[in-house]
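S.K.: Here the protein sequences line up with chains Y and U, keeping their order.
Numbering follows numbering that gives the first Met the number 0, with no gaps: position 295 of the first sequence is 294.
Numbering follows numbering that gives the first Met the number 0, with no gaps: position 102 of the second sequence is 101.
Treat each hint with caution, since some may be false.
[To be verified] Partner residues are not named here, just some residues of chain Y that face chain U (Cβ under 8 Å, in silico): (1) R1; (2) G10; (3) I65; (4) L69; (5) T70; (6) P72; (7) R92.
Calculated directly from the structure, the hints in this document are not laboratory data.
Heads up, the beta-carbon is just placed ideally off N, CA and C, and yes, glycines get one too.
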Amino acid sequence: MRPAVEAEKAGIPSVVVTLTNFVTVAQLAARAAGIDDLRTAEYPGAIGVHLPEIREKIINVVFDQIIDGLTKPGTGQASRAAGVFDPEEIVCRGSFDDVNRHFKGHEWTDGLPIVPPTRQRIEEFLRYTDRPPHEQVAILPQANLRAVPWNIAVNGVMAGCRPEDMPILIAAAEAIGDEHFNLNNIGTTWGITPYLLVNGPIIQQLRIEYAGQLISRGPNPALGRALGLIIRNIAGYRPGKNQMGTFGYPLAFALAENEAESPWEPYHVEHGFRREASTVTVGTTLNWGWPPSPYTRPDKSGAQSALELMCIELTKKPCLPLFAEGGPKGHISDVTFLLAPPVARALADGGYSKGQIREYVYQNAKVPVRELEWMMRYGLVEVQTVPGKVEAGLYPRDFLVGPDELVRVVSSPDIIHIVVCGDEGRNRMKTLDSGYTHFTTKEIKLPRGWGKLLAGRRA
Amino acid sequence: MSETVEVFSPVGAEVVTQGKSAPRLETLDGKTVGETWNDDFKGDVMFPVYRELLRARFPGIRIIPYTEFPASPWKGTPEHQREVARHIAKIAKEKGCDALISGNGG
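Next up, chain Y with everything else stripped away, as it sits in the complex (with noise of 0.2 Å):
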């Protein structure tokens, strides 16, 4: 797309070609950077799984496109300055629900409910900063929009901060806008979440959770949202527009560093600052969970390459001696695999049933008995060895090899479920390893009445 947008500027017209869900993702970037009619060309479908209809998805559906970008005008406006936008416009007068239902249509929240950003509130934030309400902060991409305190207050309102949050807010803000950062690049499929660290003295004056369960405690759930939010709404990023998780996300999170306990110096004063400053640090993890995507090469079909990564992902788990545990006193788990609809009509092409892939994946998970020794030795709370647990009833008596012999870690394909869902335009899945629960399933009982209630609700 970059490119594209230059050549435009330099006057030579162009079309970039997207895959199907991300015509829009290509039109906001150039939009943000200046050109807000870029032409495109959509692939329909997942090109990594179905090689062989690339010919004739090109021939039948992406050829004329291009030429029509090429050559066709667009629906673009002439150039015009950048917008003049009155922050103190009122958007909405209402109800919680109307400004809440406003807020939604607008995409400008998370899905959650708001707190109404009144203007006593946002005042009341504003006290919690020497800097004047309408005074540049940062500029953020995607959209490079202008990030000020006035709209960072907004955004710490709805997402339930107290006022005395807006310094962490505003660092936050300054954070994600540095282009070390690199908030341009988030959109990707990886799913990537942001989260804000906090260390210094403002950790014990606004009691900022350190400790344990620290994402979920305090005030940290809100600030960690707020900063989701600021990306959504001055950055510009929206789920299914240029945020394309193939999953979604999980809402951002906030971390303070436990500094009393730390061995070394904090984090902050590490990277520079004065021990007596206070900072916040962004970053981003994906500990959702990188989706793995199979492709199909010349030499191993899609099929084939879902099969085998999933078996990759679960000789990754964590808790690996603990997962390959069977029998009624062995450790409960099971796994869910989510398969974007393209690996999934990969799978069902190549032959494969949901049961067929769930007894491929029981036999195939393998790793060598060394692996399950030494997590068993220095990764978990007890000592065991594998002839222990198979003593013990835990794991069956084939695992009574020599250590660089491969043993299964999936206990029985009962144990594999499997879930068709996100994006339909992506080969992308998603694994999820359960702790100490099962999937679980029960029938939704509808009340008396449940057809006329719904439409109630519509209109």
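Let chain Y serve as the given structure and place chain U on it in line with the hints.
M.R.: Just chain U now, kept in the frame of chain Y:
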């Protein structure tokens, strides 16, 4: 919850001036079309098909393949990405490209 409140937008002001895109061509016949590829999403399979179809439809067309341009970056720092994108556009101009096909996004 039924109290009436007045609220404000959470978004920011635009800072980028929107430029006009380049005029489209009347035809590709007799024109020079450049390709730029980001090394991803099967461009190595797709661009040869475009070339074949373009030459069949527009016999006078000249194509500059993506191999004659730097790879279009989706990695690296923002400054690096901007620099390479500008460099590609410069090369396209120098090679006399009348149009550019850029791929593959997704």
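S.K.: Each hint needs a verdict: does it hold in this structure or not?
M.R.: Consistency of the hints with the structure:
no. : hint : verdict
1   : R1   : 4 Å, holds
2   : G10  : 5 Å, holds
3   : I65  : 6 Å, holds
4   : L69  : 5 Å, holds
5   : T70  : 5 Å, holds
6   : P72  : 6 Å, holds
7   : R92  : 5 Å, holds
Of the numbered hints stated above, none is contradicted by the structure.
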